[in-house]
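Protein chains: 2
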Amino acid sequence: MEPAIDLAAKLATFEGHWQPRTVCEYNGHDVMVVKVQGEYRWHSHAETDDFFLVLKGLLYIDLPEGRTVKLEAGQMFVVPRGVQHRPHAPQEAHLLLIEPSGTPNSGDPATAAPRRVI
Amino acid sequence: MEPAIDLAAKLATFEGHWQPRTVCEYNGHDVMVVKVQGEYRWHSHAETDDFFLVLKGLLYIDLPEGRTVKLEAGQMFVVPRGVQHRPHAPQEAHLLLIEPSGTPNSGDPATAAPRRVI
Numbered sequence: 001m002e003p004a005i006d007l008a009a010k011l012a013t014f015e016g017h018w019q020p021r022t023v024c025e026y027n028g029h030d031v032m033v034v035k036v037q038g039e040y041r042w043h044s045h046a047e048t049d050d051f052f053l054v055l056k057g058l059l060y061i062d063l064p065e066g067r068t069v070k071l072e073a074g075q076m077f078v079v080p081r082g083v084q085h086r087p088h089a090p091q092e093a094h095l096l097l098i099e100p101s102g103t104p105n106s107g108d109p110a111t112a113a114p115r116r117v118i
Numbered sequence: 001m002e003p004a005i006d007l008a009a010k011l012a013t014f015e016g017h018w019q020p021r022t023v024c025e026y027n028g029h030d031v032m033v034v035k036v037q038g039e040y041r042w043h044s045h046a047e048t049d050d051f052f053l054v055l056k057g058l059l060y061i062d063l064p065e066g067r068t069v070k071l072e073a074g075q076m077f078v079v080p081r082g083v084q085h086r087p088h089a090p091q092e093a094h095l096l097l098i099e100p101s102g103t104p105n106s107g108d109p110a111t112a113a114p115r116r117v118i
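The listed protein sequences derive, respectively, from chains A and B.
Per full-length UniProt numbering, the very first residue in the first sequence carries number 1; after that it's consecutive.
Per full-length UniProt numbering, the very first residue in the second sequence carries number 1; after that it's consecutive.
Which copy is meant is left open, so a pair is good if it fits within one copy or across any two.
Subject to a maximum C-alpha distance of 30 Å in a straight line, what follows is the list of computed DSSO-like cross-link-like pairs (lysine-lysine):
#: 1; residue 1: Lys70; residue 2: Lys10
#: 2; residue 1: Lys70; residue 2: Lys56
#: 3; residue 1: Lys10; residue 2: Lys56
No lab work stands behind these hints: they were computed from the structure.
Use the sequences and the hints to build the structure in full.
Below is the structure:
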């Protein structure tokens, strides 16, 4: 019997916030887990939608025009490409993210966290 | 506050097995939820990897050469494109699937379940 990818076990292998780890690849995308807490910067991705699935905790995603999406565990949201957004989490939250391989997480290659594989 | 996509709530809106429902789109892919039970047929997808995340229950994916992957809730697996596989679930299981929009779930347009959006 071969092991599947256990997302909680992957998340248990590292600390630090807003530093996604790639757990596998899918159709040219990185499937990633990340721990987040506090507020990320406003940003957008010109070339890709942004996929968020909350595995644990609570995440807010601020959107233009004062809109905010609230995501609890088992809830997901896709930010369309080009749309400004600001994720924030009052407590530590654990997420599954999907982005095309090589996409900078901040939308800016100069300030993006390095992509790490676990 | 805008609602996120609640995967369990989406799954509660329908019955039937092996009939995925699209909950949103992501980069030209359908993000889908599906209830499965029993054994699906051996098949492969020539043009796409196959993404499985178990939300509830237990899923096995048989692979070539007698290999089998066991997935419990919170575990995922990507079957590479072109690789034969046979999913099966002893009890009802709930999955998140991702496939390029228009991909037949059986690998065969003639026998694929119709794609439905919820």
